[in-house]
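Chains as they are written, first to last, in our numbering: chain A, 87 to 306; chain B, 87 to 306; chain C, 87 to 306; chain D, 87 to 306.
Certain hints may be false.
Same chains, same label: a pair holds when it works inside one copy or across any pair of copies.
Said to hold, decoys possible - Cut-off 20 Å, straight-line C-alpha distance, at most; resulting in silico cross-link-like pairs (SDA-like, lysine to any residue): (1) Lys116 <-> Val184; (2) Lys116 <-> Ala215; (3) Lys116 <-> Gly93; (4) Lys94 <-> Ala134; (5) Lys94 <-> Met163; (6) Lys94 <-> Ala230; (7) Lys94 <-> Leu256; (8) Lys94 <-> Thr232; (9) Lys116 <-> Thr225; (10) Lys116 <-> Ser201; (11) Lys94 <-> Gly236; (12) Lys116 <-> Ala235; (13) Lys116 <-> Tyr285; (14) Lys94 <-> Gly219; (15) Lys116 <-> Ala133; (16) Lys94 <-> Val167.
These are computed hints drawn from the structure, not numbers from a lab. This one's a predicted model, so the numbers in the text were calculated from it and none came from an experiment.
There are 4 protein chains.
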Amino acid sequence: MTSTTDGKRLEAFSDGVMAIAITLLVLDLKVPPHAEAAGNTTAHGLAAALGHEWPSYAAYLVSFLVIGIIWINHHAMFTQVRRVDRAVLFTNLGLLMVVSLIPFPTRLLADYLTSDDSDAHVAAAVYSATMLGMAVAFTGLWWAITRDAGLLHEHLDRAAGRAALRRFSLGLAVYGGCIGLSFVNAYATLAVHGALALYYCFDQLSTSAVSASAAEEQPR
Amino acid sequence: MTSTTDGKRLEAFSDGVMAIAITLLVLDLKVPPHAEAAGNTTAHGLAAALGHEWPSYAAYLVSFLVIGIIWINHHAMFTQVRRVDRAVLFTNLGLLMVVSLIPFPTRLLADYLTSDDSDAHVAAAVYSATMLGMAVAFTGLWWAITRDAGLLHEHLDRAAGRAALRRFSLGLAVYGGCIGLSFVNAYATLAVHGALALYYCFDQLSTSAVSASAAEEQPR
Amino acid sequence: MTSTTDGKRLEAFSDGVMAIAITLLVLDLKVPPHAEAAGNTTAHGLAAALGHEWPSYAAYLVSFLVIGIIWINHHAMFTQVRRVDRAVLFTNLGLLMVVSLIPFPTRLLADYLTSDDSDAHVAAAVYSATMLGMAVAFTGLWWAITRDAGLLHEHLDRAAGRAALRRFSLGLAVYGGCIGLSFVNAYATLAVHGALALYYCFDQLSTSAVSASAAEEQPR
Amino acid sequence: MTSTTDGKRLEAFSDGVMAIAITLLVLDLKVPPHAEAAGNTTAHGLAAALGHEWPSYAAYLVSFLVIGIIWINHHAMFTQVRRVDRAVLFTNLGLLMVVSLIPFPTRLLADYLTSDDSDAHVAAAVYSATMLGMAVAFTGLWWAITRDAGLLHEHLDRAAGRAALRRFSLGLAVYGGCIGLSFVNAYATLAVHGALALYYCFDQLSTSAVSASAAEEQPR
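Make the full structure from the sequences, and use the hints.
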């Protein structure tokens with residue numbers, strides 16, 4: 087009734103979108119204008135000008151880690167997948183839309199992080215909302231994949247699957263809380279997003295969630 | 087006489103172009119200039135400035151959906167294809183040209199949608215004409231693939247193939263109508279393109295068109 | 087002595103670079119500034135402003151065709167290749183460098199085509215020189231591939247190989263002539279590049295050059 | 087205990103990021119503004135304006151070679167790899183972060199190379215530091231791959247592996263020295279980076295390091 091295909095092209099297209107989004111981040115690292123061109127009479131020099139742009143580097147670093155970890159988890163998730171159907175294609179497209187959006191809130195936050203007024207809070211909230219959208223999209227993709235056992239390799243550890251879903255829910259709550267934190271302190275919000283990214287780097291639970299199927303050598 | 091190859095690299099190149107086109111859309115989401123830099127004495131703030139750019143977000147969303155659905159349908163189409171020849175390579179190149187163009191009319195429409203004068207109509211017409219070009223290119227690619235049974239897997243449902251061609255023709259008529267609508271109301275035109283994209287998302291006919299070959303497990 | 091690998095990743099990397107270069111071309115299609123913002127008191131409107139930018143569209147079209155045909159010929163060439171060595175990797179890297187450069191002379195020519203003075207000639211010459219570089223790089227890649235029979239599938243038609251090399255030489259002469267033509271008429275130069283691209287589209291010789299190996303079903 | 091997967095998607099994602107980073111370099115080759123628009127009364131012409139931008143071309147060329155050689159060595163390295171684990175995924179992500187950063191120091195150096203003051207030294211030092219970071223990341227990836235024999239194909243030449251690690255250490259020292267050289271002469275620093283890239287092009291040691299496994303036909 088429903089048509090399914092193997093996930094090779096979905097993986098290739100997803101790899102492409104995520105590789106581009108993660109690489110486009112560099113376009114927002116701006117070269118400071120020459121002092122004379124900027125009408126800048128006090129000679130701070132290039133080193134100071136670069137140091138002044140630290141919010142750009144911090145936002146770049148956090149967003150790079152976020153997209154990199156999304157890719158690693160997407161990769162781990164699809165080692166469990168044998169076939170994809172249209173629901174998986176569309177929830178995956180939703181995830182890709184959020185991922186490809188990330189450069190926008192990244193440059194917004196880099197631009198407004200050091201603003202004195204409420205603009206920094208707004209920028210941090212937009213960034214946090216994007217991350218919440220990413221968590222929602224990831225949870226939706228996980229639901230689409232696990233709702234039909236026929237889409238999965240036989241070795242799925244169902245308890246691990248449910249544990250992963252619980253952890254996705256926790257992620258939703260944390261990212262939701264980041265939106266609130268944005269209106270308190272924009273710097274702290276970016277720091278929390280960085281800490282979350284590092285946490286997911288060393289997260290062993292998500293590893294064990296895929297180990298049942300991936301630890302043995304699959305002939306893919 | 088004519089040379090054919092399997093379609094793996096055509097799929098890889100197409101995935102690349104579509105992944106890049108869909109991700110480049112984000113470059114046209116502009117960060118609003120700081121209020122003081124813009125010489126803006128009335129303090130609207132970042133939130134209002136972002137809200138003011140809603141045409142960019144609407145155009146981004148519609149174009150993302152359009153390219154995403156083109157990819158999904160391209161993917162579905164090529165599950166039926168066993169071999170490609172030069173005619174398929176060149177009609178596919180034509181489709182990729184239109185897809186890679188999409189970011190241009192998208193930013194044109196985002197920039198001019200709220201213009202008071204006839205410029206909004208022109209921008210909407212250019213956007214609609216690009217979508218018509220996309221529908222023409224897709225129809226041409228379908229023709230190139232189905233004109234030679236030797237290019238297809240054996241399981242092609244020919245009635246479904248003819249139904250798909252009829253539906254492509256309908257698409258041509260609808261997109262042609264959008265060009266006319268552009269000169270009446272630019273907002274309505276963008277809304278219709280969004281509705282069309284959503285319609286294709288849930289379109290079951292195109293699913294059934296590929297189910298004959300794809301529902302069984304192909305050893306590709 | 088020399089190490090060789092199969093060409094899968096070379097193809098994947100080349101597909102990526104060519105897909106990106108062909109898609110980046112769209113970034114140089116500029117949205118005309120709003121009439122009031124441009125300090126333009128005479129109301130030409132968006133349609134006239136877009137029409138005024140026809141050199142951008144012409145240059146986009148020609149460069150898109152050129153990169154698309156490079157990809158198709160690269161694809162045809164590598165259906166004959168069984169193994170790649172370091173000489174192939176580096177001559178291929180040279181070709182990719184020229185391909186990834188193409189967006190630069192394209193926007194240069196688009197910007198200066200309608201200049202009255204000698205700048206249009208210079209821009210056309212830079213464009214033509216890039217195309218000459220592309221032809222040189224393609225010839226070098228073909229030499230690297232065909233210099234060692236061990237790199238090829240067994241079915242190479244060696245007469246066709248020599249014919250292809252002769253045709254590459256002809257291409258070098260034609261592109262060299264385009265540099266001279268640039269200093270006579272920039273418009274004619276762009277038209278010749280477009281005609282050359284269309285010629286290669288319908289070129290049957292290059293098809294026959296690969297048909298010996300590709301016409302039968304290779305288990306790649 | 088630890089989960090591993092084959093490295094196909096890691097290679098695909100890495101190919102994507104490196105292909106994009108190498109192609110984005112072209113965005114920093116700027117078309118000179120028209121003489122009249124620049125308020126330039128003395129008619130230097132386009133040819134002189136292009137010649138004036140030679141630092142952009144030099145930086146483009148060196149960075150293109152650097153990323154190209156990283157790709158070739160990455161490719162050679164992964165012909166030895168049978169399985170990847172999370173440590174390889176993350177050290178590879180670190181390498182990709184440095185590679186995707188390269189367009190930023192490239193345009194920084196292109197912009198400031200001909201500055202009279204100390205800014206040229208700072209720009210060259212940032213460029214050199216990025217190259218050092220690349221060498222560190224490459225060494226880390228090599229360590230992650232070779233620390234576990236189970237990740238490798240059986241044919242690893244361990245002496246060659248240790249020789250490669252020694253050579254990586256030498257690379258670290260040379261790139262570290264380039265940071266110091268930056269504060270003496272920025273032009274010489276760029277020239278050394280170009281010479282290093284050319285040296286790695288013709289480097290036979292890294293070839294022999296992979297020849298043990300790759301010279302025979304692997305059924306990958």
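Hints versus structure:
1. Lys116 <-> Val184: Result: close only across copies, 16 Å inter versus 24 Å intra.
2. Lys116 <-> Ala215: Cα proximity of lysine 116 and alanine 215: across copies only (18 Å, versus 25 Å in one copy).
3. Lys116 <-> Gly93: The answer is neither: 38 Å in one copy and 34 Å across copies each exceed 20 Å.
4. Lys94 <-> Ala134: For lysine 94 and alanine 134, the Cα distance exceeds 20 Å both inside one copy (48 Å) and across copies (43 Å).
5. Lys94 <-> Met163: The answer is both: 13 Å in one copy and 15 Å across copies each meet 20 Å.
6. Lys94 <-> Ala230: within (17 Å within a copy, 24 Å between copies)
7. Lys94 <-> Leu256: neither (30 Å within a copy, 31 Å between copies)
8. Lys94 <-> Thr232: within (18 Å within a copy, 23 Å between copies)
9. Lys116 <-> Thr225: neither (34 Å within a copy, 29 Å between copies)
10. Lys116 <-> Ser201: both (18 Å within a copy, 18 Å between copies)
11. Lys94 <-> Gly236: Intra 17 Å, inter 24 Å, cutoff 20 Å: intra-copy only.
12. Lys116 <-> Ala235: neither (48 Å within a copy, 43 Å between copies)
13. Lys116 <-> Tyr285: neither (29 Å within a copy, 31 Å between copies)
14. Lys94 <-> Gly219: neither (25 Å within a copy, 29 Å between copies)
15. Lys116 <-> Ala133: Classified as within; 14 Å inside a copy, 24 Å across copies.
16. Lys94 <-> Val167: both (10 Å within a copy, 15 Å between copies)
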